[in-house]
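Participant: Note that UniProt numbering has the sequence shown beginning at 1, numbered continuously upward.
Honestly, the hints are just simulated from the structure, not real lab data. Even glycine gets a Cβ: it sits at the ideal position worked out from N, Cα and C. Treat the hints with caution; some may be incorrect.
To be verified - Just the calculated beta-carbon pair ranges, DEER-fashion:
#: 1; residue 1: 63; residue 2: 166; range: 17 to 25 angstroms
#: 2; residue 1: 221; residue 2: 76; range: 34 to 42 angstroms
#: 3; residue 1: 83; residue 2: 123; range: 45 to 53 angstroms
#: 4; residue 1: 115; residue 2: 63; range: 33 to 41 angstroms
#: 5; residue 1: 115; residue 2: 67; range: 39 to 47 angstroms
#: 6; residue 1: 21; residue 2: 48; range: 52 to 60 angstroms
#: 7; residue 1: 166; residue 2: 14; range: 37 to 45 angstroms
#: 8; residue 1: 161; residue 2: 140; range: 32 to 40 angstroms
#: 9; residue 1: 40; residue 2: 16; range: 37 to 45 angstroms
#: 10; residue 1: 155; residue 2: 121; range: 56 to 64 angstroms
#: 11; residue 1: 162; residue 2: 221; range: 48 to 56 angstroms
Stated by the list, open to error - Straight-line distance between alpha carbons at most 27 angstroms, and here's what the computed DSS-like set of lysine-lysine pairs gives:
#: 12; residue 1: 7; residue 2: 47
#: 13; residue 1: 110; residue 2: 126
#: 14; residue 1: 51; residue 2: 7
#: 15; residue 1: 87; residue 2: 110
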Amino acid sequence: MLTVVQKTIIDTLHKEGKPQTFIAKEAGCSQNAVSKHVNRKLSGRKKCGRKRCTTNRENRSLMRIVKQNRFKNLSELHKECTEAGVKASRATTHRRVKEFGYSCRIPLVKPLLNHRQRQRRLTWAKEKKNWTVAQWSKVLFSDESKFCISFGNQGPRVWRKGGEAHSPSCFKSRVKFPVCDDLGCNVICHVLVHCVFFKPTSLHRFTKKFWSTSCFLLLTSFLKMLISFSSRIWHLPTLPKAPKVG
């Protein structure tokens, strides 16, 4: 039985073109052993391994559950598989999903827009279609990014394959402009303050057009509370051994 060191010496000297007698003397073995190692290719016998705990039918059931809702976490997938009759552990469920080619990724966010917002965006894109590089150089693009220091604050994840990032079933919808249509939050807050404190008569018209009365009254009471707190004089207790200022 040749050792690892002897096999390394035999392979090195054989690549250099040395005769087998010289290789046998250097490796400290017989010429017959050198000949068998050089001419014979050894390969391990195919092993059957342990029987898989899930059948092909159960694997198809698991794949169907994953395709129904890509945003389910691993615990929910394992629970539905158990209810469907698939007897597998949580780790086995994760391995099968990975075998299908799915990976748990952060989904792309797609804002939910109404018909008017889509038309305005399409009109804006058509107007800027033939802009030159000089015109675009005067535009400052800004974007908001969220960087999470701790893990687990990215929201729900999605199971998707490679190349499915822009698939409709892998998008996470978000209402960026809920009830305000094309108005931004800053504009809404400015209008609210103006209506509540300067023109109370226009409050009803603004409420009827944009928000429900209950939500609007809740917000106005909150704003009044902020104003009352800001007008108060707060007397904070002084520490007994506080350092002198100046």
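Participant: Per the hint of 37 to 45 angstroms, is the separation of the Cβ atoms of residue 166 and residue 14 within bounds?
Facilitator: violated, 54 angstroms
Participant: Evaluate the given range 45 to 53 angstroms for the C-beta pair formed by residue 83 and residue 123.
Facilitator: holds, 50 angstroms
Participant: Would you say the C-beta atoms of residue 21 and residue 48 sit inside 52 to 60 angstroms of each other?
Facilitator: violated, 43 angstroms
Participant: Indicate whether the distance between the beta carbons of residue 63 and residue 166 respects the range 17 to 25 angstroms.
Facilitator: With Cβ atoms ~21 angstroms apart, the hint holds.
Participant: Keeping to a limit of 27 angstroms between CA atoms, is the pair of residue 110 and residue 126 held or broken?
Facilitator: Holds - the C-alpha atoms of residue 126 and residue 110 are around 21 angstroms apart, at most 27 angstroms.
Participant: Between residue 87 and residue 110, does the CA-CA distance stay at or below 27 angstroms?
Facilitator: violated, 37 angstroms
Participant: Do residue 155 and residue 121 keep their Cβ atoms within the hinted range of 56 to 64 angstroms?
Facilitator: Violated - the Cβ-Cβ distance for residue 155 and residue 121, about 25 angstroms, lies outside 56 to 64 angstroms.
Participant: I want to verify a distance hint. Is the separation of the beta carbons of residue 161 and residue 140 within 32 to 40 angstroms?
Facilitator: holds, 37 angstroms
Participant: Quick one: are residue 40 and residue 16 within 37 to 45 angstroms, going by C-beta?
Facilitator: Roughly 20 angstroms apart at Cβ, these two residues miss the hinted range, so it is violated.
Participant: May I ask you to test the hint 39 to 47 angstroms on the CB atoms belonging to residue 115 and residue 67?
Facilitator: violated, 30 angstroms
Participant: Does the structure keep residue 51 and residue 7 at a Cα separation of 27 angstroms or less?
Facilitator: Distance ~36 angstroms between residue 51 and residue 7 Cα, so the pair is violated.
Participant: Given a hinted range of 33 to 41 angstroms, is it respected by the beta-carbon distance of residue 115 and residue 63?
Facilitator: holds, 36 angstroms
Of the numbered hints given earlier, the model fails hints 5, 6, 7, 9, 10, 14, 15; all others are met.
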